[in-house]
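Q: Turn these sequences into a full structure, and let the hints steer you where they fit.
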Amino acid sequence: MKAATLDIPKEVALKDPSDFRIIGKELPRKDTPLKVNGFSPICDGY
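Numbering of the sequence shown is given in this note's numbering, commencing with residue 1328 and proceeding in unit increments.
A hint or two may mislead.
As the list claims (entries may be wrong) - In silico DSSO-like cross-links for lysine-lysine, where the CA-CA straight-line distance does not exceed 27 Å:
no., residue 1, residue 2
1, K1352, K1342
2, K1329, K1342
3, K1362, K1352
FYI, nobody ran anything at the bench for these hints, they're computed from the structure.
A: Below is the structure:
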């Protein structure tokens, strides 16, 4: 694991929030129809 041997930088450059592609954006919930209709593998129908 090479990452474990790297030095930790004192300062890091952060992205400008205008460059974010996902954070802060409305995204569709693709799992909602499956959950609502009872077909999601996460739904537990005792």
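Q: Against each hint, give a clear statement of whether it holds in the structure.
A: Do the hints match the structure? See the list:
| no. | hint | in the structure |
| --- | --- | --- |
| 1 | K1352 / K1342 | holds (16 Å) |
| 2 | K1329 / K1342 | holds (25 Å) |
| 3 | K1362 / K1352 | holds (22 Å) |
Violated hints are absent here; each numbered hint is respected by the structure.
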